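K.L.:
If you want the building blocks of each chain, they are given just below.
2 protein chains.
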Amino acid sequence: MLPHHYPSKLLEQAINAFARLPGIGYKTALRLVLYLLRQDKETNEEFGNAIIRLRQEIKYCRICHNISDHDLCPVCADPLRDHSQLCVVENIRDVMAIENTGQYKGLYHVLGGIISPMDGIGPNDINIQSLEKKVANNTIQEVILALSPTLEGDTTNYYIFKRLSRYAVNMSILARGVSIGDELEYTDEITLARSLINRVSYEQSISVRQPG
Amino acid sequence: MLPHHYPSKLLEQAINAFARLPGIGYKTALRLVLYLLRQDKETNEEFGNAIIRLRQEIKYCRICHNISDHDLCPVCADPLRDHSQLCVVENIRDVMAIENTGQYKGLYHVLGGIISPMDGIGPNDINIQSLEKKVANNTIQEVILALSPTLEGDTTNYYIFKRLSRYAVNMSILARGVSIGDELEYTDEITLARSLINRVSYEQSISVRQPG
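Keeping their order, the protein sequence lines are chains A and B.
Letter 15 of the first sequence, counting from 1, is numbered 14 in numbering that gives the first Met the number 0, and no numbers are missing.
Letter 34 of the second sequence, counting from 1, is numbered 33 in numbering that gives the first Met the number 0, and no numbers are missing.
Errors might be hidden in some of the hints.
The list cannot tell twin chains apart, which means a pair is met if one copy fits it or any two copies do.
[To be verified] Derived pair list, reagent style BS3-like, types lysine-lysine, alpha-carbon separation capped at 25 Å:
#1 Lys-40 - Lys-104
#2 Lys-40 - Lys-8
#3 Lys-161 - Lys-26
#4 Lys-133 - Lys-58
#5 Lys-40 - Lys-133
#6 Lys-26 - Lys-8
#7 Lys-26 - Lys-104
#8 Lys-58 - Lys-132
#9 Lys-40 - Lys-161
Worth flagging that the hints you see were computed from the coordinates, not collected in a lab.
The model shown is predicted, which means the values in this text are computed figures rather than measured ones.
In isolation and in its complexed conformation, chain A is listed as follows (with noise of 0.2 Å):
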């Protein structure tokens, strides 16, 4: 239910901005911007600026196309990290989760969407050819396709695939299995048999360290 009377304009103008946020109803946003008008200027300006700056400055890696301060993004600039190895996600909230696992140290190349007909998204439309470009250039050894297990990830990765076969790069994809924590009784059936398919050694298991 929208409010008939907004006591002023830039309240109005606050709450409708909020509103239009994902997820964030009407009620949610009035609770928000009472929160800030509470705050002091300063909290509230460097919010607003932090907004602003966001979208106007942001840049995207010209190598992996994850979100940057730079031409470079800290991943591609770092002499540390395999560049032998690329890890092919949908978008930079991929990266961030697998970076967050500390178990991985090549670089990454970000899809910026993945293939779905329904949306009208097609391999153009994502970041395939400049992935090709860098397979083509012989300097991986290694691609690893990181994308959703639905049906759209499972597309792309075979598209991807594909495309890639007639150069000399090794693929690999995500181990789908039980979730660490899931029951088994109430795991599905496929994802149950892929596990049993892909059962790894139990030396091999302990072996990998827990994420720091």
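Since chain A is already given, all that's left is putting chain B on it; use the hints.
P.N.:
The following block gives chain B in isolation, referenced to the frame of chain A:
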């Protein structure tokens, strides 16, 4: 879980700004910031500026303490409203809620809080002095106490009632009773007892217009 690595300082600032808001965790903040990145520049600047201007330019009505763009809020400045009726509320959200019913044509008085010894808020921390001044001026005929039916709300109601009782002013309080749409059997006993004691004539009850 906070991430160890952000690909960009700008991104980190924006995420932290959002994550500081109440009810918004790190994951939601990230989602919102990535959404903002996909918005066009102008919409983003509008958003940022709405937040900055909100705190810089907003005023409080010098009569009712409601939020306002000017010295007087639209309600207090409206000559068609009943200036002899005064509805005492806790905050601006309550003003908006009551305005949305379309049933009230008098003025408001925003306390800006309620008496709450637990939180260290006493009568002098909220706008009670200015309320007394208004009543002492003899222009008010009815004071409607419209605070939430909580321990703190009731305490504040009683305090105001005692403080204003030496003036010739009618004091009323919001009816407490069964919420419309509630099942009787699930209503708590105190509410049910109240609504039984304060029952109104059927004729009066059907004469109340539905909120538009």
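K.L.:
Could you run down the list of hints and mark each one as holding or not?
P.N.:
Against the structure, the hints:
Neither within a single protomer nor between protomers do Lys-40 and Lys-104 lie at most 25 Å apart by alpha-carbon distance, with minima of 42 Å and 34 Å respectively. Proximity of Lys-40 and Lys-8 under a CA criterion of 25 Å is satisfied in both settings, with 19 Å inside one chain copy and 22 Å between copies. Taking identical chains as interchangeable, the C-alpha atoms of Lys-161 and Lys-26 are never at most 25 Å apart, the minima being 49 Å within one chain and 34 Å between chains. Taking CA atoms no more than 25 Å apart as the test, Lys-133 paired with Lys-58 passes inside one copy only; the shortest distance there is 20 Å, against 57 Å between copies.
For a Cα distance limit of 25 Å, the shortest separation of Lys-40 from Lys-133 qualifies neither inside one copy, at 48 Å, nor across copies, at 31 Å. Only within a single protomer do Lys-26 and Lys-8 lie at most 25 Å apart by alpha-carbon distance; the minimum there is 17 Å, versus 31 Å between protomers. Taking CA atoms no more than 25 Å apart as the test, Lys-26 paired with Lys-104 passes between copies only; the shortest distance there is 24 Å, against 44 Å inside one copy. In this assembly of identical chains, the alpha carbons of Lys-58 and Lys-132 lie at most 25 Å apart only when taken from the same copy (21 Å versus 58 Å across copies).
In this homomeric assembly, Lys-40 and Lys-161 never come within 25 Å of each other (Cα to Cα): the closest approach is 56 Å inside a single copy and 38 Å across copies.
Checked against the numbered hints above, the structure breaks hints 1, 3, 5 and 9 and satisfies the rest.
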